[in-house]
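Undergrad: For the record, the sequence lines run as chains A and B. One gets this note's numbering by counting positions in the first sequence from 1 and adding 22 to each. One gets this note's numbering by counting positions in the second sequence from 1 and adding 22 to each.
Simulated from the structure, these hints should not be mistaken for lab results. Since the structure is predicted, the reported quantities are computational estimates derived from the model, not experimental observations. Hints may contain errors.
Chain copies aren't distinguished; within one or between two, either way the pair holds.
As the list claims (entries may be wrong) - The calculated SDA-like cross-link candidates involving lysine to any residue, where the alpha carbons are at most 20 Å apart (straight line), are: (1) K45 / T151; (2) K155 / S218; (3) K34 / E114; (4) K34 / H53; (5) K60 / G43; (6) K34 / G61; (7) K60 / G70; (8) K155 / E184; (9) K60 / P40; (10) K37 / R185; (11) K155 / V187; (12) K45 / G131; (13) K45 / Q118; (14) K34 / T46; (15) K37 / Q67; (16) K37 / R59; (17) K60 / E203; (18) K45 / G171; (19) K155 / S100.
2 protein chains.
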Amino acid sequence: MPDPRSVEDLKKALKRLPGVGPKTAQRMAFHLLERDRKGARQIEQAIGQALSQVNHCRQCNNFCEAELCEICASTSRSPQSLCVVETPADLEAIEQAGVYRGKYFVLMGHLSPLDDVGPDQLAIRELMTLVSKNTIDEVILATNLTLEGQATSDYLYELLEERPVRVTRLARGMPMGSELEYMDPGTLNQAFTNRSPP
Amino acid sequence: MPDPRSVEDLKKALKRLPGVGPKTAQRMAFHLLERDRKGARQIEQAIGQALSQVNHCRQCNNFCEAELCEICASTSRSPQSLCVVETPADLEAIEQAGVYRGKYFVLMGHLSPLDDVGPDQLAIRELMTLVSKNTIDEVILATNLTLEGQATSDYLYELLEERPVRVTRLARGMPMGSELEYMDPGTLNQAFTNRSPP
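Taking the hints into account, I'd like the entire structure generated from these sequences.
TA: See the structure below:
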């Protein structure tokens with residue numbers, strides 16, 4: 023005696039969310055139908071809105087409702103420097119830190135052969151076209167320091183090497199507030215290799 | 023520089039799902055918009071369908087698209103016995119085990135003062151009305167053996183005591199396949215108290 027068809031369909035649909043398995047989907051469906059129908063309506067409408075309105079900025083590839091996102095359209099940000107990140111969340115973290123005043127390019131992911139994400143699934147062609155414009159002096163590779171992020175960075179470096187731009191990457195070392203005792207060997211290795219005068 | 027309005031709205035909406043915080047909502051929104059727009063459409067439609075079609079069976083209170091669910095409508099199930107469970111998932115687990123051939127009543131939750139779920143938020147009035155019908159001989163309290171489940175069971179027992187029905191609860195003891203070494207004291211306590219001839 024399974025649940026009614028439309029409850030089963032809802033559970034099946036919710037399982038498409040990342041990190042949601044059968045048990046979680048069941049709990050979510052129960053919650054939406056029994057405890058929060060208003061929230062369910064809100065999710066339904068927010069998905070509809072987002073699907074119809076969210077596209078990619080034609081310059082930086084970030085999510086955007088217009089042709090060009092606010093950062094790309096801004097005249098107060100240096101067009102000489104291009105910071106390449108994996109996701110909008112990474113861009114947001116850099117903006118929060120307030121250290122960077124150039125432009126961005128958002129890959130929307132990283133190379134991950136196991137998940138069928140190769141160079142064609144990322145916006146690498148668009149990145150190369152953008153770099154060809156002669157306003158850009160420096161490309162900062164700011165992918166994550168995970169295996170996939172570093173593979174992506176390495177791949178991009180190979181492509182960019184031939185171009186007349188300076189390519190840099192973010193510094194590697196001990197994070198602020200960290201203690202040597204709890205640091206992993208890889209980080210300590212980087213911290214020693216990249217040591218500098220105080 | 024936050025995400026576009028409709029992406030922010032989507033993240034806010036997804037946070038209404040149980041167990042989903044800001045980071046997970048962001049990951050889900052990114053996944054839906056960048057990797058699985060088809061899945062997003064599927065979720066949107068499944069929620070709409072479920073909201074419009076799913077109601078409660080007027081007899082057992084389980085989710086149902088018709089007036090009466092299949093179990094309540096079935097003539098092959100004994101109307102003398104009523105098994106009270108917390109959720110549709112609990113009912114499903116009992117059905118899977120195939121040991122019970124009576125009817126059910128689904129409370130749709132358990133008493134939980136901290137979450138503002140009191141007797142009025144559960145379908146306890148409907149349960150009592152159902153028990154008043156003279157077809158029912160036995161009420162099996164099959165709530166979970168959690169604190170809330172047991173409080174719910176105790177509360178129901180007090181209400182049912184005065185009625186001319188037999189009230190039982192599921193046996194407590196060691197689960198099949200379990201090892202004494204790993205059993206918690208509460209379960210061992212129950213297993214000794216309720217011991218029986220082999």
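Undergrad: Now tell me if each hint is right for this structure.
TA: Taking the hints in turn, this is what the structure says about them:
no., hint, in the structure
1, K45 / T151, "neither (45 Å within a copy, 32 Å between copies)"
2, K155 / S218, "neither (35 Å within a copy, 84 Å between copies)"
3, K34 / E114, "between (32 Å within a copy, 16 Å between copies)"
4, K34 / H53, "both (15 Å within a copy, 16 Å between copies)"
5, K60 / G43, "between (23 Å within a copy, 18 Å between copies)"
6, K34 / G61, "both (19 Å within a copy, 10 Å between copies)"
7, K60 / G70, "both (15 Å within a copy, 12 Å between copies)"
8, K155 / E184, "within (14 Å within a copy, 84 Å between copies)"
9, K60 / P40, "between (23 Å within a copy, 14 Å between copies)"
10, K37 / R185, "neither (44 Å within a copy, 43 Å between copies)"
11, K155 / V187, "within (10 Å within a copy, 83 Å between copies)"
12, K45 / G131, "between (28 Å within a copy, 16 Å between copies)"
13, K45 / Q118, "between (36 Å within a copy, 15 Å between copies)"
14, K34 / T46, "both (11 Å within a copy, 19 Å between copies)"
15, K37 / Q67, "both (19 Å within a copy, 14 Å between copies)"
16, K37 / R59, "both (19 Å within a copy, 14 Å between copies)"
17, K60 / E203, "neither (49 Å within a copy, 47 Å between copies)"
18, K45 / G171, "between (31 Å within a copy, 19 Å between copies)"
19, K155 / S100, "within (14 Å within a copy, 78 Å between copies)"
Going down the numbered hints, you'll see the structure goes against 1, 2, 10 and 17, while the others check out.
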